[in-house]
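Participant: Using the sequences and the accompanying hints, generate a full structural model.
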Amino acid sequence: MMDSILVLIGAMLRIATPILFGAMGETLIERAGVLNLGIEGTMLLAAFNGFVAAQLTGSLWIGLLAGALTGVLLCLLMGGLSVTLGLNQHVSGLGITLLASGIALFAFRILYGGATTPPALADSFQPLNPFPNTILTPVFEQHWLTYAALLSVPLVTWLLNRTTFGLRLRSVGENPEAADTAGINVYRMRYQALILGGALMGIGGAFLSLAQLGAFAHGIINGRGWVAIAVVIFGNWQPNRVLAGALLFSGVQALQLRLQAAGVALPYELLLALPYVLVIAAIALVGRNISVPAALLKPYRREG
Amino acid sequence: MPPIIEMRGITKRFGALTANDGIDFSIEPGEIHALLGENGAGKSTLMKILYGLYQPDSGDVRINGQPVRLTSPAEAIANGIGFVSQHFALVPKFTVAENVVLGHEGSRTLHPTAMSTRVMETAASLRLLIDVNAVVGRLSVGEQQRVEILKALYRDCKVLIMDEPTAVLAPGDIAALFDILRVLQGRGMAVIIITHKLDEVFAISQRVTVLRLGKVVGEVRTQDSTPAALAQMMVGRQTVAVARNSDHRRQDAVKLDVRDLRLTDRRGGLRLRGLSLEVRGGEIVGVAGVAGNGQSELVSVLTGMAAPDSGSVTVGGAPLPFRDPKAVSRLKVARIPEDRLKGVIGDLSVQDNLMLESVEGFTRMGHLDRARIRANAEALIRAFQIKAAPTDLARTLSGGNIQKIILARSLGHAPEVVIAAQPTRGLDIGATEYVHQKLLEQKERGAAILLISEDLEEILLLSDRIVVIYEGRIAGTFAAQDARIDQIGALMTGAHPHA
Amino acid sequence: MLNLKIEREPAPLWLRLLIPVIAVVVTFALVSVLILWAGASPFDAVYQLLIHPLTRTSARADILMMATPILLTGVAVAVAFVCGYYNIGAEGQLYAGAIFAAWVGVNAEGLPPVVAIGLMLIAGFLAGMIWALLPALLKSWLSVDEVVTTLLLNSVMLFIVSALLNGPWRDPVSGWPQSPTIALNAQFPVLIARSRVHLGFIIAVVSALSVWWMLARTRFGLELRAIGKNREAAQFLGIPVRRRVLTAALISGGIAGLAGVGEVGGIHYYLIGSLSPGFGYTGIIVATLGALTMPGVMLSALFLALINRGAISANRELDVPVYLSDVIQAALLLVTLAVLLLNRYRIRWGR
Numbered sequence: 001m002m003d004s005i006l007v008l009i010g011a012m013l014r015i016a017t018p019i020l021f022g023a024m025g026e027t028l029i030e031r032a033g034v035l036n037l038g039i040e041g042t043m044l045l046a047a048f049n050g051f052v053a054a055q056l057t058g059s060l061w062i063g064l065l066a067g068a069l070t071g072v073l074l075c076l077l078m079g080g081l082s083v084t085l086g087l088n089q090h091v092s093g094l095g096i097t098l099l100a101s102g103i104a105l106f107a108f109r110i111l112y113g114g115a116t117t118p119p120a121l122a123d124s125f126q127p128l129n130p131f132p133n134t135i136l137t138p139v140f141e142q143h144w145l146t147y148a149a150l151l152s153v154p155l156v157t158w159l160l161n162r163t164t165f166g167l168r169l170r171s172v173g174e175n176p177e178a179a180d181t182a183g184i185n186v187y188r189m190r191y192q193a194l195i196l197g198g199a200l201m202g203i204g205g206a207f208l209s210l211a212q213l214g215a216f217a218h219g220i221i222n223g224r225g226w227v228a229i230a231v232v233i234f235g236n237w238q239p240n241r242v243l244a245g246a247l248l249f250s251g252v253q254a255l256q257l258r259l260q261a262a263g264v265a266l267p268y269e270l271l272l273a274l275p276y277v278l279v280i281a282a283i284a285l286v287g288r289n290i291s292v293p294a295a296l297l298k299p300y301r302r303e304g
Numbered sequence: 001m002p003p004i005i006e007m008r009g010i011t012k013r014f015g016a017l018t019a020n021d022g023i024d025f026s027i028e029p030g031e032i033h034a035l036l037g038e039n040g041a042g043k044s045t046l047m048k049i050l051y052g053l054y055q056p057d058s059g060d061v062r063i064n065g066q067p068v069r070l071t072s073p074a075e076a077i078a079n080g081i082g083f084v085s086q087h088f089a090l091v092p093k094f095t096v097a098e099n100v101v102l103g104h105e106g107s108r109t110l111h112p113t114a115m116s117t118r119v120m121e122t123a124a125s126l127r128l129l130i131d132v133n134a135v136v137g138r139l140s141v142g143e144q145q146r147v148e149i150l151k152a153l154y155r156d157c158k159v160l161i162m163d164e165p166t167a168v169l170a171p172g173d174i175a176a177l178f179d180i181l182r183v184l185q186g187r188g189m190a191v192i193i194i195t196h197k198l199d200e201v202f203a204i205s206q207r208v209t210v211l212r213l214g215k216v217v218g219e220v221r222t223q224d225s226t227p228a229a230l231a232q233m234m235v236g237r238q239t240v241a242v243a244r245n246s247d248h249r250r251q252d253a254v255k256l257d258v259r260d261l262r263l264t265d266r267r268g269g270l271r272l273r274g275l276s277l278e279v280r281g282g283e284i285v286g287v288a289g290v291a292g293n294g295q296s297e298l299v300s301v302l303t304g305m306a307a308p309d310s311g312s313v314t315v316g317g318a319p320l321p322f323r324d325p326k327a328v329s330r331l332k333v334a335r336i337p338e339d340r341l342k343g344v345i346g347d348l349s350v351q352d353n354l355m356l357e358s359v360e361g362f363t364r365m366g367h368l369d370r371a372r373i374r375a376n377a378e379a380l381i382r383a384f385q386i387k388a389a390p391t392d393l394a395r396t397l398s399g400g401n402i403q404k405i406i407l408a409r410s411l412g413h414a415p416e417v418v419i420a421a422q423p424t425r426g427l428d429i430g431a432t433e434y435v436h437q438k439l440l441e442q443k444e445r446g447a448a449i450l451l452i453s454e455d456l457e458e459i460l461l462l463s464d465r466i467v468v469i470y471e472g473r474i475a476g477t478f479a480a481q482d483a484r485i486d487q488i489g490a491l492m493t494g495a496h497p498h499a
Numbered sequence: 001m002l003n004l005k006i007e008r009e010p011a012p013l014w015l016r017l018l019i020p021v022i023a024v025v026v027t028f029a030l031v032s033v034l035i036l037w038a039g040a041s042p043f044d045a046v047y048q049l050l051i052h053p054l055t056r057t058s059a060r061a062d063i064l065m066m067a068t069p070i071l072l073t074g075v076a077v078a079v080a081f082v083c084g085y086y087n088i089g090a091e092g093q094l095y096a097g098a099i100f101a102a103w104v105g106v107n108a109e110g111l112p113p114v115v116a117i118g119l120m121l122i123a124g125f126l127a128g129m130i131w132a133l134l135p136a137l138l139k140s141w142l143s144v145d146e147v148v149t150t151l152l153l154n155s156v157m158l159f160i161v162s163a164l165l166n167g168p169w170r171d172p173v174s175g176w177p178q179s180p181t182i183a184l185n186a187q188f189p190v191l192i193a194r195s196r197v198h199l200g201f202i203i204a205v206v207s208a209l210s211v212w213w214m215l216a217r218t219r220f221g222l223e224l225r226a227i228g229k230n231r232e233a234a235q236f237l238g239i240p241v242r243r244r245v246l247t248a249a250l251i252s253g254g255i256a257g258l259a260g261v262g263e264v265g266g267i268h269y270y271l272i273g274s275l276s277p278g279f280g281y282t283g284i285i286v287a288t289l290g291a292l293t294m295p296g297v298m299l300s301a302l303f304l305a306l307i308n309r310g311a312i313s314a315n316r317e318l319d320v321p322v323y324l325s326d327v328i329q330a331a332l333l334l335v336t337l338a339v340l341l342l343n344r345y346r347i348r349w350g351r
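Chains as they are written, first to last, in the working numbering: chain Y, 1 to 304; chain P, 1 to 499; chain W, 1 to 351.
To be clear, the hints were calculated from the coordinates, so they are not data collected in a lab. Where is the CB? At the ideal position from N, CA and C, for every residue including glycine. Honestly, I wouldn't trust all of these hints.
As the list claims (entries may be wrong) - Some chain P residues well away from chain W (every beta-carbon gap over 12 Å; in silico):
(1) G59
(2) R62
(3) I63
(4) D131
(5) P319
(6) A327
(7) V328
(8) R335
(9) L456
(10) A479
(11) A480
(12) R484
As the list claims (entries may be wrong) - Straight-line distance between alpha carbons at most 20 Å, and here's what the computed SDA-like set of lysine to any residue pairs gives:
(13) P:K332 <-> P:R445
(14) P:K342 <-> W:K229
(15) Y:K298 <-> P:D247
(16) Y:K298 <-> W:L340
(17) P:K342 <-> W:V241
(18) P:K93 <-> P:Q66
(19) P:K326 <-> W:L341
(20) P:K93 <-> Y:Q238
(21) P:K158 <-> P:G30
(22) P:K332 <-> P:G346
(23) Y:K298 <-> W:D145
(24) W:K229 <-> W:L299
(25) W:K229 <-> Y:G86
(26) W:K229 <-> P:T396
(27) P:K93 <-> Y:A294
(28) P:K158 <-> P:P2
(29) Y:K298 <-> P:P112
(30) P:K215 <-> P:D21
(31) Y:K298 <-> P:L341
(32) W:K229 <-> P:G399
Facilitator: Structure representation (structure tokens):
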């Protein structure tokens, strides 16, 4: 019993990793006033580019860097469209997701032809195992990136609440006019948030191809970007609560895997859908949300 | 003493409109300088140029004799200029201390206690009473204004610009504000007050610059001038109004009866505290008051946009449903909203805007009757002299013509009651007179008219009776013939509460 | 002080007509990088993408066939977007319609074709509405943002489809995860001989025309536009905003459901997990490119279908991956949005 709970926790942390990276990135960006629906495609293209870079150079670290850079570039594009040009954030974000996904699939076809089995890395990030052969092994045998994802939560909290950068970032997401009159460059702040957040999203995508799977497949992201956005809302834009949301989601997911493995006669797809339904229910319960950054979705234009 | 700020030949155009036309302006340290003028005279534009929010088309700015180019608020702040806008530039979710240090944190990491202490010290040194750890969104308007002043001082400002600082304040807060300003003045700070209120000019300033239609029409020492002289300068020669309500004889039955309205806002503040009033047919009742004393809430209830906690409204004896704009207009209540851009849909055509409020009269089984819509529009455009074609988009019209759409739509169908909220705000003189004339026509017709306006002049001009609103209730009532400005002013500022 | 700033003066007509052209040219210029990478000449590719399909009868028919689902999802998305309701859930609503249509179709043995097809359409429309109901209610009752809820429900729907196809509906004959084939009398008639243009195309065009009429000529449509342009003013004018938005969201879902009916009844004749390669999302592109107007939506659906068909030609002739069409469509969306600013901010630039 104890064993299976520990295994469950281990699986939960593993599943939570990419969602957590994505959600922390999205939190930073949304707290600055930009809703980035490009996250799904951004994570996909980052997973792909990370994979290709690692394969070409033989270095997982360069792969990771390529993933992060991909995230940064796509978020800069989001910034160009929604911050500089002031275009509708919903449509810009979805457009970026469609564009990035299209590019990933196009490039995949060129590089790997019609390969039916997903190409795999010869060597991928291996899990650390600080407590080998103990009861704790299934919990702590994780990729270092999983530890990094967990660490990113207090880091983002600190950044938002305890640094000048964070104060300014929050101010442009709450009241850009006030930030502007206080002499803060609203555009630059939003771009900085997008760059940081984009790097986190990119790492989240690359985690899947470089560590968890060690391979790339079309469905590698499979809605994790959307889930990241949902847990940000679920978590009221507070990193700690976003973590709780991500763990809730991945916990249910892990449970589902366990039940499936144990041969419980339930359509596993319905269990897969359960966390989505739970998140929708939770968002509905939170309802009209006063913690939403007041300037979210609103492009900033100085009048006159 | 040499001027700390000197602006020379400032010109600023917005499209066809010249907001500032060759303006000269200067202020010395330790001086409180009033910038006086009507709405649209160009006061705010001039000060936004000084604060780096706008760039002048021509002219230059000198600080302590040195020419400077202020291209952003950050540069203005660095040059010792602080700006307290009417719309506070505060982040509601931040604490007072966070708002104050924002942009001038002084270090890369934040140390909340040290931050609070520093802000507290600044506040204490100026005898500003404020809880620096309070969340700004929960503070009163007066307290928020103090946060704004504190912000400017924290940035070491030498010149403080205050844009109509008393417009949103309760009377007690006004006195407190003036005390603060005198303390600042005593420390050698230069304070610019943008205002259109003469009493304030005489209460606090040493010097006054008067603007009219984007030009300087006079610059005098306050003690050398008189209210009459300044008023003359401010409004020019066109003080004689064409439309004026001088026939106060009609006494029809009560058509609008408002009883004991109480309303709490979302933050739990009492906005209406048992407000009652009545308007008879053929009568214009003017609601005078300082902004923020419950006028907006009263208008919201009467136009069907909000429901009070308690109280009742009857129109011609029938109860007025709350939060049902359709039902309100069906009771023949004409509604002129405070913000005309919330009454007209700019991206729809003039003819659609003219029929949307009574759309059921223009449909056959849900299908729009284009011919009737067009005919309606053409008739109203003619009757109300709207300068537009029926198919023009409303947003391409001038403010005056947009207001005419609202007038045509609401007054064109013989209303019983007219709720006119700030009907001439931001309009030029011609359009203003037109609106006044239309309201008087409705009075002649026998409609009951409730006029809510921040413009006391307008209220005095049009009303048969004047009620003064103060802190969510009616503080006093005057018949037009024996209304005295000083008494009204006293009630507006809470001098005789519950009179 | 300046209550009205006219910052959006309409651009001159020639510029407005030129905007789509500029957008297409810029998009192809950007995408030519990918085409070169694939080892083809961009000029050849443009020919294959835009011209070649128009030169052959069968390809022209394919365009109509391919335009069918994205015209329907485009109309669906436009109906919602017009009143400011961001329905991103057309993909899920499409599958909901497909499920109901397949169920009716499978059980339609013996019914006259008119009845069978009519029932499929009604069932599909209802299913789309049902799947759109929850986010619409959450929006109108609790002001819950519809973007995230509709988006998540797309994922949920894919799981439901998968559960159906791997469970009760697994094809008993082949064992594949696909539903049984619908009855012959429930299969949509083909409109053009030796092509796959089916009844769904007429349904799509009729839907677009009906919505056009609704938006332009009915009170409901006018009120939807009013809400989309200025919600507060619409409220002030007595329009029951929440009720109208709810209705529009349901109509949107229903029309998206019809797209699913068309794919089941006119193309595949059974339900499969890969029924839609993202038609719901393409609908967002179609609606946006069409500026939420029905003539625009019809044109952009046809144009995107042309690109889809052209990508197949380009793949065959030049060995450029078909995913090129996905890239072009998304790029076209973003470029068009950016180019449209030429239209809006003229005054700023002039100063």
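Participant: Per the stated criterion, does the least C-beta distance between P:G59 and chain W lie above 12 Å, as a non-interface residue requires?
Facilitator: holds, 17 Å
Participant: Between the alpha carbons of Y:K298 and W:D145, is the straight-line distance 20 Å or under?
Facilitator: It holds: about 15 Å lies between the C-alpha atoms, which stays within 20 Å.
Participant: Check the non-interface label on P:L456: least C-beta distance to chain W beyond 12 Å or not.
Facilitator: Holds, since 20 Å exceeds 12 Å.
Participant: Was P:R484 rightly flagged as not at the interface, with every chain W Cβ beyond 12 Å?
Facilitator: At about 31 Å from chain W, P:R484 clears the 12 Å cut-off, so the statement holds.
Participant: If I take the minimum Cβ distance from P:R335 to any residue of chain W, is it greater than 12 Å?
Facilitator: At roughly 8 Å from the nearest Cβ of chain W, P:R335 sits no farther out than 12 Å, so the non-interface label is violated.
Participant: Would the pair P:K342 and W:K229 pass a check requiring their Cα atoms to be no farther apart than 20 Å?
Facilitator: Roughly 11 Å separates the two Cα atoms, so the pair holds.
Participant: For P:R62, is the shortest beta carbon distance to chain W beyond 12 Å?
Facilitator: For P:R62, whose nearest Cβ neighbour in chain W is about 25 Å away, the distance exceeds 12 Å, so it holds.
Participant: Check the hint pairing P:K158 with P:P2 against an upper bound of 20 Å on the C-alpha distance.
Facilitator: The hint holds at about 14 Å.
Participant: P:K93 and Y:Q238: Cα distance at most 20 Å?
Facilitator: holds, 14 Å
Participant: Is the straight-line distance between the alpha-carbon of P:K93 and that of Y:A294 20 Å or less?
Facilitator: holds, 9 Å
Participant: Would you mind confirming whether the straight-line C-alpha gap from W:K229 to Y:G86 stays at or under 20 Å?
Facilitator: holds, 17 Å
Participant: CA of W:K229 to CA of P:G399, is that 20 Å or under?
Facilitator: holds, 18 Å
Comparing the model with each earlier hint shows violations of hints 6, 7, 8, 15, 18, 19, 22, 24 and 29; every other hint is respected.
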